[in-house]
Each structure stands twice: as structure tokens, then as C-alpha cells.
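Enquirer: Sequence:
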Amino acid sequence: MQAPRPMSRLWRNSIRGALLTLCLWQMPQAAIADEMITGARFLGETTDYPHGVLGDVVEFTVLAIDSEDTDGQRFRRSFSVWPDHVFEDLEPRLWDVTGDGTPEVVVVLTSVTKGASLAIYTLDGMLARTPFIGRKNRWLAPVAAGDLDGDGQIEIAYVDRPHLAKTLRLWRLQGSELVEIANIDGLTNHRIGDAFIQGGLRDCGNGPELITVDTAWRNIMATRFDGADLTSTAVKPYSGQSSINDVLDCR
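Position one of the sequence shown corresponds to residue 453 (the working numbering), numbered consecutively onward.
In short, the hints are calculated from the structure, not lab data.
Nothing here was measured: the structure is a model prediction, and the numbers come from that model.
Misleading hints may appear alongside valid ones.
Stated by the list, open to error - Okay, the calculated beta carbon distance ranges per label pair: (1) ARG587 x SER694: 27 to 37 Å; (2) THR499 x ASP655: 34 to 44 Å; (3) HIS615 x THR522: 40 to 50 Å; (4) GLY645 x LYS588: 10 to 20 Å; (5) GLN626 x PRO689: 12 to 22 Å.
Even glycine gets a Cβ: it sits at the ideal position worked out from N, Cα and C.
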């Protein structure tokens with residue numbers, strides 16, 4: 453019997469202050485500008501989309517985002533999915549995808565008829581998302597976000613259908629749209645039923661590299677972006693999640 457996958461972890465900082473739960477329309481825009489996202493979690497469990505790719509059939513319908521203002525006061529906003537959609541994900545990611553030094557929230561948003569997309573949320577709600585894959589029971593696994601080519605812009609990476617297509621796709625936020633800028637085949641970061649995603653981003657002194665695995669799960673792969681193309685190199689035999697962690701730690 454497989455254990456249920458872990459619930460989202462809520463990051464808590466050390467600044468004291470009451471947590472205020474409020475509706476988005478109660479917050480003036482000036483107040484939102486003075487706040488920073490400090491954590492996020494999924495709520496609203498549902499079994500209406502029994503894909504089960506993450507080890508169980510429980511998905512989520514609500515994204516709760518925590519923030520804190522300059523006075524140390526804390527707030528929470530909750531965003532519900534559209535009808536016939538779920539968050540098909542392990543936990544929200546706090547990634548800076550705009551390059552302003554503060555995090556946005558990155559999640560996998562899935563249509564029950566069109567499959568998964570990658571969505572970015574701010575304190576105002578959804579900022580942007582990629583197109584849905586186009587067919588139900590088709591998923592994507594996020595990898596990382598960072599300035600991969602040193603041009604000051606943030607790239608966002610995920611593996612499109614890590615059990616089928618096994619394509620690493622790179623996106624960039626341009627205004628309120630996510631634009632695909634590069635892709636490369638032959639990479640994956642998830643096996644069906646695993647309650648975790650493997651790999652991530654590392655920089656061992658020679659520039660950032662996206663860490664995934666080859667399609668046969670034999671070699672750990674490091675992928676670089678030069679501003680135009682992605683290139684992948686085998687760096688170490690794969691021998692379980694600990695070997696991935698070693699590579700991420702530059703060992």
C-alpha cells in the first residue's frame with residue numbers, strides 16, 4: 453500500500469503578527485504592493501480527477517497564499533480553480549519568475565479534459581499560464597526557474613509528459629504571457645506513482661544547469677541554455693534519489 457503524498461509545507465518566518473484571512477477585494481492595490489509572498493499551500497481536497505500520477509487520486513481545488521507587509525502583519529488569500537480544473541501537484545513552489553527578487557507561486561493547474569499547464573500566481577491571482585497539454589491524463593513536472601543564460605531574464609523549466617513525451621521545455625514570462633523559448637527531448641524527472649519530483653537547478657561555479665535524468669533512468673543529465681539552444685550532458689550514473697541530491701550539491 454502506498455503512503456499518501458505529503459501535504460504542502462507552509463513556510464513560516466520569524467516576524468510576529470496576527471494572520472489575517474481576507475478576501476482579495478478588501479485589499480487596496482497600494483497595500484498589496486507593500487506585501488511579499490511568504491508561503492503557499494493547497495487546500496480543498498478532491499478525488500474528482502482520478503489520474504493518480506502522484507501516487508494517489510487526491511488533488512486540490514484551492515491555492516492559499518500567505519504574505520506579510522512591511523509592518524509585520526500577515527495575510528492569507530485563497531484562490532479557487534475554475535470548474536472542471538484541479539491543482540495536480542505536490543506543493544506550490546515559491547520561485548522568483550519576474551526577476552524582482554521576490555517570489556511568485558508556481559503550480560501545476562490541470563483541466564480534467566485538456567491535461568496540465570504551468571500556472572503562475574501573485575497576490576492578485578493568476579498572472580499567466582502555459583497552454584494545457586491538450587488531452588486529459590497528461591501531466592507536466594516542474595524543474596526550476598532561474599537566469600540560465602546570464603541575460604538578466606528568468607527562464608522557467610518543466611518536463612512535458614515525463615512518462616511519455618519526456619521533453620524539457622523552457623519558458624519565459626513576457627508581460628502576462630508565458631512564451632516557450634527552447635525545448636529538448638530525451639529527459640525526465642518523474643516516474644508514475646512517485647510522490648516526489650526529482651532534479652532541480654544547480655550552479656557549481658560554471659553557470660546554472662538544470663538537473664534531470666535520461667529516459668532510461670540510467671544517467672543524471674545536466675542541461676545548459678546558451679540563450680538560443682539547450683544542450684544536455686550525462687554527469688553521473690543514476691542510482692536513486694540520493695544520487696540526484698549529490699549532483700545538486702555538486703558532489
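Enquirer: Which of the listed hints are not met by the structure?
Expert: 5
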